[in-house]
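Residue numbers (the working numbering), protein chains in the order written: chain A, 1 to 116; chain B, 1 to 116.
It should be emphasised that the hints constitute simulated quantities derived from the structure, not laboratory data.
Glycine included, every Cβ here is placed at the ideal spot set by N, Cα and C.
Hints are not guaranteed to be accurate.
Across the chosen pairs, the derived CB separations fall in these ranges [as the list claims (entries may be wrong)]:
(1) A:D54 / B:R63: 43 to 49 Å
(2) B:R9 / A:H7: 18 to 24 Å
(3) B:T38 / A:S5: 39 to 45 Å
(4) A:G41 / B:Q44: 30 to 36 Å
(5) B:T20 / A:G28: 17 to 23 Å
(6) A:G28 / B:G28: 14 to 20 Å
(7) B:G62 / A:S3: 20 to 26 Å
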Amino acid sequence: AQSVSQHNHHVILSEAASLELGCNYSYGGTVNLFWYVQYPGQHLQLLLKYFSGDPLVKGIKGFEAEFIKSKFSFNLRKPSVQWSDTAEYFCAVNALHGGTASKLTFGTGTRLQVTL
Amino acid sequence: KAGVTQTPRYLIKTRGQQVTLSCSPISGHRSVSWYQQTPGQGLQFLFEYFSETQRNKGNFPGRFSGRQFSNSRSEMNVSTLELGDSALYLCASSLTGAASLNTEAFFGQGTRLTVV
Numbered sequence: 001a002q003s004v005s006q007h008n009h010h011v012i013l014s015e016a017a018s019l020e021l022g023c024n025y026s027y028g029g030t031v032n033l034f035w036y037v038q039y040p041g042q043h044l045q046l047l048l049k050y051f052s053g054d055p056l057v058k059g060i061k062g063f064e065a066e067f068i069k070s071k072f073s074f075n076l077r078k079p080s081v082q083w084s085d086t087a088e089y090f091c092a093v094n095a096l097h098g099g100t101a102s103k104l105t106f107g108t109g110t111r112l113q114v115t116l
Numbered sequence: 001k002a003g004v005t006q007t008p009r010y011l012i013k014t015r016g017q018q019v020t021l022s023c024s025p026i027s028g029h030r031s032v033s034w035y036q037q038t039p040g041q042g043l044q045f046l047f048e049y050f051s052e053t054q055r056n057k058g059n060f061p062g063r064f065s066g067r068q069f070s071n072s073r074s075e076m077n078v079s080t081l082e083l084g085d086s087a088l089y090l091c092a093s094s095l096t097g098a099a100s101l102n103t104e105a106f107f108g109q110g111t112r113l114t115v116v
């Protein structure tokens, strides 16, 4: 079964610091990869997604992620965080298993706290 | 285009009762998935419905059930509520669901269920 690991559970950064959140998945076949963000009191929103092609994916609000197939990783990055980036971030993977229905599997999330 | 709508937003129930949650997907979306979100477990997949058929199911007891109507609206039912069922229940809709790659899920704001 596919699984997703997010290594950082809680990250605290000062404004303008750079961000990298780790995400590793376990599945050797074709995958779709996603990063979702959940701001306090709001619903899950898609930050960015990887389906195929260029492994460097750019999303909303200056976020980007790089898909490294050999490392089964899809790390999220942002060069300079803002206080408004305080939120919980979820990595997710979708994969087909022998052509049968799959499901979107989420990591446990990383809570990012940005201080002024 | 209206987003995914979940009702009610908040619910307080007593242990042993049953509850029904509702989800209206984005117009044209035929797949609805349900997730349970708790601080300790993160987002856990409950089940997915596509064209009124349950296509995939997570590892939850039979007290958790769902259905989908011909207009793609979905309901989730939990019977004999337990304290541990307290969680945020999220609904996600997509055009074709997780059984197809290269599809994106859109989430509702969730129903916060508290069991006392």
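Status of the hints after comparison with the structure:
Range check, A:D54 to B:R63: about 45 Å between beta-carbon atoms, so the 43 to 49 Å window is met. Between B:R9 and A:H7 the C-beta distance comes to about 33 Å, which lies outside the given range of 18 to 24 Å. Between B:T38 and A:S5 the Cβ separation comes to about 18 Å, which falls outside the hinted range of 39 to 45 Å. For the pair A:G41 and B:Q44, the beta carbons lie near 21 Å from each other, so the given range of 30 to 36 Å is not met.
Taking 17 to 23 Å as the suggested C-beta distance range, the pair B:T20 and A:G28 does not conform, at roughly 40 Å. For the hinted restraint 14 to 20 Å between A:G28 and B:G28, the CB-CB distance of approximately 33 Å leaves it violated. At roughly 24 Å, the beta-carbon separation of B:G62 and A:S3 lies within the given 20 to 26 Å, and the hint holds.
Hints 2, 3, 4, 5 and 6 from the list above are not met by this structure, while the remaining hints are.
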